[in-house]
Amino acid sequence: MDCCAPDADAAPLDRRTNDDELRLASRDIGGGLRQTELAIPGIHCGGCVQRIEKTLDKLPGVMRARVNLSTKRATIHWRADEKSPPFISTLSAIGFEAHLYDVGADDKDGTLAELLRALAVAGFAASNIMLLSVAIWSGAEPATRDLFHWISALIALPALAYSGRIFFRSAWRSLRHGQTNMDVPISIGVLLAFGLSLYETLHHGPHAYFDASISLLFFLLIGRTLDHMMRERARTAVKSLACLAPRGALILQTDGTNAYVPVNEITPGMTILLAAGERVPVDARVVKGQSELDCSLVSGESAPQHASAGFLLQAGTLNLTGPLTIVATAAAKDSFLAEMVRMMEAAESGRSIYRRLADRASRLYAPVVHLTALLTFVGWMIETGNVHQSLTVAIAVLIITCPCALGLAVPMVHVVAARRLFEDGIMVKDGGALERLAEVDTVVFDKTGTMTLGDPQLAGGDTVDCEALALAAAIASHSRHPYSRALAAEGSRRLCPPIALSGASEHPGSGLEAHAGATVYRLGRPEWALANGEPKFPDLQLASVVLSKDGRAVATFSFEDRLRPDAREAVAALAADDLALEILSGDREEPVRLLASRLGILHISSVSPGGKARHVASMAAAGRKVLMVGDGLNDTPALVAAHASMAPASAVDVGRNAADLVFLRESLLAVPQAIEIARNAAWLVRQNLVLAVGYNLIAVPIAVLGYVTPLIAALAMSGSSLLVVANALRLRGWRRTRDRLAPLRRLSAVPQTPLGSTR
Amino acid sequence: MIDYFYLIPIALLLGVIGLGAFLWSLRSGQYEDLDGAAERILFEREDAPVRQQRLSGPE
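Chains as they are written, first to last, in my numbering: chain A, 344 to 1102; chain B, 50 to 108.
Careful: at least some of the hints might be erroneous.
Unchecked claim - Derived CB-CB ranges, DEER-like:
#, chain 1, residue 1, chain 2, residue 2, range
1, B, Leu56, A, Phe765, 42 to 48 Å
2, A, Pro1044, B, Phe54, 41 to 47 Å
3, B, Leu75, A, Gly390, 24 to 30 Å
It should be emphasised that the hints constitute simulated quantities derived from the structure, not laboratory data. Note that the coordinates shown come from a computational prediction; the quantities given were computed from them, not determined experimentally. Even glycine gets a Cβ: it sits at the ideal position worked out from N, Cα and C.
Construct all of the structure, not just a fragment, from the sequences and the given hints.
Shown next, in the form of structure tokens:
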């Protein structure tokens, strides 16, 4: 079978992209052309690339389509004077789900290119100077040695100026703010080594450290580049996820025509036409229409809500079934979303600033090193009284202690750890997040969308009557209401015999109606589906659907939220690690209690977004290190307030950007996995720091006594760097959580309640 | 001794050529899609990176 055979029956996603939105998200590249970027997560191989490019090229108006297999994105140039070609629907017809990737958000990131160029120049200089140095070490004649020193200086000077500026800039910035970071001792060491070598060269001295200063830069740039690439990869992977927030809305203008307006140009009082499947762009009030709303991303409420005229909508709510006419009550900057962003900022400023381990280490390290060098100088002055010799030895101390290993010790481990997590579908935004994650002692989960998939499932499972289910599934297949989808899915899973119906129609806000001959079937809200006077079913609940035949009830269905796969295993693994667990939900008490008791963890329900952030902050104030896992808009302030945060790929855009880690797969095992790898990484970082310090303990006495030659400096430095890199690579071999949890999983696979038996 | 006078410039020149080639390939977008480049040798279509196509302009 073809590796990229698409799953053709993938349910149509809840949001459609129209011509105006596409134009809004594209960029004018001149020559009457516009450029659109699409993220296509389903690309696997060269075959996919070819198919997509061929299909897109055939569309009228498309000048050029080019797929990038590494980033799983397509760049399309199309003629601006025509209607935008239907990229997304065309791609979905050949089985690739695609969504817009905002080009305008940021232009190509220049930092990586700058780092790579600096690395190339440093690499070139380091290798050439090293070659010349080998000749000197082998005992070149003084004349040749001087010549080689001069050539080395000529190579080193531009390389130092070009490649070193990344460190100098950062060191200068930090010094100006009265702080030190790792780059301060690095810059001082490199510059002094170069200065001393230049002086030696001018005075025909035997020892020059050009090779040491440049290869130091080279090693450190490797670490820095890898670190940057890891963060960049995580960032683009998160950015490639579908954008949930609408970019604009269809406005009904006073003259009766429609216009598509970007979200931040919507003002209160504007009338918005909201189609089914669209998200509410700004806070608004319904004036016309009936529909059902999915508030799970906004408030955490799992059951769909009924909306009719007069109902107030919060920005971000998804309109499920019927078209609505709404009037904006607030501009985008005053909407619910903007309020969440303000609360996030407040939470951010309230949180204590985390200093990365490397920076904390350098705060201790730099004064010690510089003091040692100074004392060495003073000591040699007292002993010999020779300024030149004393200075040479003091600078040799600085060179040998230059935190080459220290500068690599931390980023290398983080890069390897991030790579491991990346393979498991977990994106880490930066190395500091890994350090914080390793310290976590409490995990707080959101319920809807995090513990659960936010996707209802028919309750009762196999106890539901097959005949009634078949009927209900046949009717439900005409709607994309989550309950209908759940019924249709359950019907096809149980292989109920299909039933022929005619004229199914959807009544937004009420349910579905279908005919079979003269019989009228209704599937929907009890008060609508049942004729007046029909005795109510005893087990009629709030969140249930009734199937009626000519006004008499045939069956009732109730729904429950589907637990995220492996939620039990994840909870068990976290509890086994002595982490305190808690569910913090904005949903009603009952569903939260039900879920929490099934998983056996504490719960707090009906919490407001601000309440969530306050709860997390109060736990932090009590000395707990909280990991917040959440997906909704209402979780974002808490995500920022927490010590570390994770969000699933299905989270709102703001949440995904705020979280330290984003996991792309459905399994909740990502949480224990990430914590385990972060802890292993923290352990390795500590080992590496000990190795680096141990190396200094051996090397510094040699340097202080004045025995360091350029050869010894070069050997010691590369030796210690290789050692910490090799130690960091050990993280790759660590056993995976999945394998270790395998016995656990088998245990929990036997007794399962319907909530867990999804597959 | 006299050998150095041309051997070292030659060595440095080779190094500079290598460095220049790398910087050029970086600039022309050849590292944008490493996975894709491996697959594209099997395609019959033109396969220059996007960056260059953009510079030369459409049509």
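Outcome of the hint check:
Take Leu56 of chain B and Phe765 of chain A: their Cβ atoms lie about 46 Å apart, and the range 42 to 48 Å holds. At about 43 Å, the CB distance of Pro1044 of chain A to Phe54 of chain B agrees with the hint of 41 to 47 Å. Under the hint 24 to 30 Å, the C-beta atoms of Leu75 of chain B and Gly390 of chain A, about 29 Å apart, fit the expected range.
This entry satisfies every hint, going by the numbered hints stated previously.
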